[in-house]
Amino acid sequence: MAEDRARGGPRSVVTRDCRRSRPRARAGEGSGASGARSGDGSPEAADDERVARRIQRGYGAWARVYDWFARATASVGGVRTGCVRALDLDPGDTVVEFGCGPGVNVPALREAVGPTGRVVGVDITGAMLGRARGLAERRGWENVEFVRGDATDPPVRSADAVLATFVTSLFPDPYAVVSDWCGLADAVVVAAFAPRGNRPANAALAGFARVNGRLFDLDSDDPLDRLDARTTAGRRALADNAETVTEERYLFGTITAYAGHGRAVAPGE
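When the letters of the sequence shown are read in order and numbered with the working numbering, they come out as residues 1 to 269.
Just so you know, the hints here were simulated from the structure itself, not pulled from any lab data. A quick note: this is a predicted structure, and the numbers were derived from the prediction, not measured. Incorrect hints may have been included.
FRET-style restraints, in silico, Cβ to Cβ [to be verified]:
{"id": "1", "residue 1": "E142", "residue 2": "G183", "range": "16 to 22 Å"}
{"id": "2", "residue 1": "R138", "residue 2": "V265", "range": "44 to 50 Å"}
{"id": "3", "residue 1": "R138", "residue 2": "P91", "range": "20 to 26 Å"}
{"id": "4", "residue 1": "E142", "residue 2": "V265", "range": "36 to 42 Å"}
Ideal Cβ placement from N, Cα and C applies to all residues, glycine included.
Kindly produce the complete structure, drawing on both the sequences and the hints.
Written as structure tokens, this is what we have:
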């Protein structure tokens, strides 16, 4: 946990909960993200609220099913395990997960940071957080906190690591969002859909995207193009802001996990 040097003790990583009124902040959307940088009555602000409502309705309506499905497939392909491993967490670290959903990744994250570490889950959908908090209560997790917040305007000061699985595909501007995450932590791992692998896998991914077109805000005839562009933008953000970037591909190449470590040195520094 981060330390408050002025007081000599632990300080809260969380700065706010989005249920409290605050100005809107950043372009982006998703489970854990809600929209554009604006707090006035501009079109950007209106679009911000539209996106937030769409995401909350989409994820809220199927929170129970998503919870079951995510837990049933948590170990498939080794994606989630690989992402946690790529964070390279140490006991005592604080890790923030954006778009945490019902808390599927939390057990692995808790194991990595140990009893002295801390896990903070951030999501914009109340129904998802309700299931995550219920899980934490049932298991007696004391070093886990779930916050209703916006991944595009992170409600955290800093952390040792940031994780986001299957979230950046929902952002109109993943580059801006992931770049900001790089300013919060020295380790940022992002798992996203990466089409253009083999034909059967691409067909399945395209079908999934079309079925969930509203959630992904897909308005083109080729959803794979949109998903590919967003995944590429997230990877580029890591490349521009992290000292090193590694990648691992899963499930026939349809999912890629990018891991950025360290802070890139700006020219002239």
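Status of each hint after checking the structure:
Between E142 and G183 the C-beta distance comes to about 29 Å, which lies outside the given range of 16 to 22 Å. R138 and V265 have their C-beta atoms about 45 Å apart, which keeps the hinted 44 to 50 Å range intact. Range check, R138 to P91: about 24 Å between beta-carbon atoms, so the 20 to 26 Å window is met. For E142 paired with V265, a C-beta distance near 38 Å keeps the hint of 36 to 42 Å intact.
Comparing the model with each numbered hint stated earlier shows that hint 1 is the single one that does not hold.
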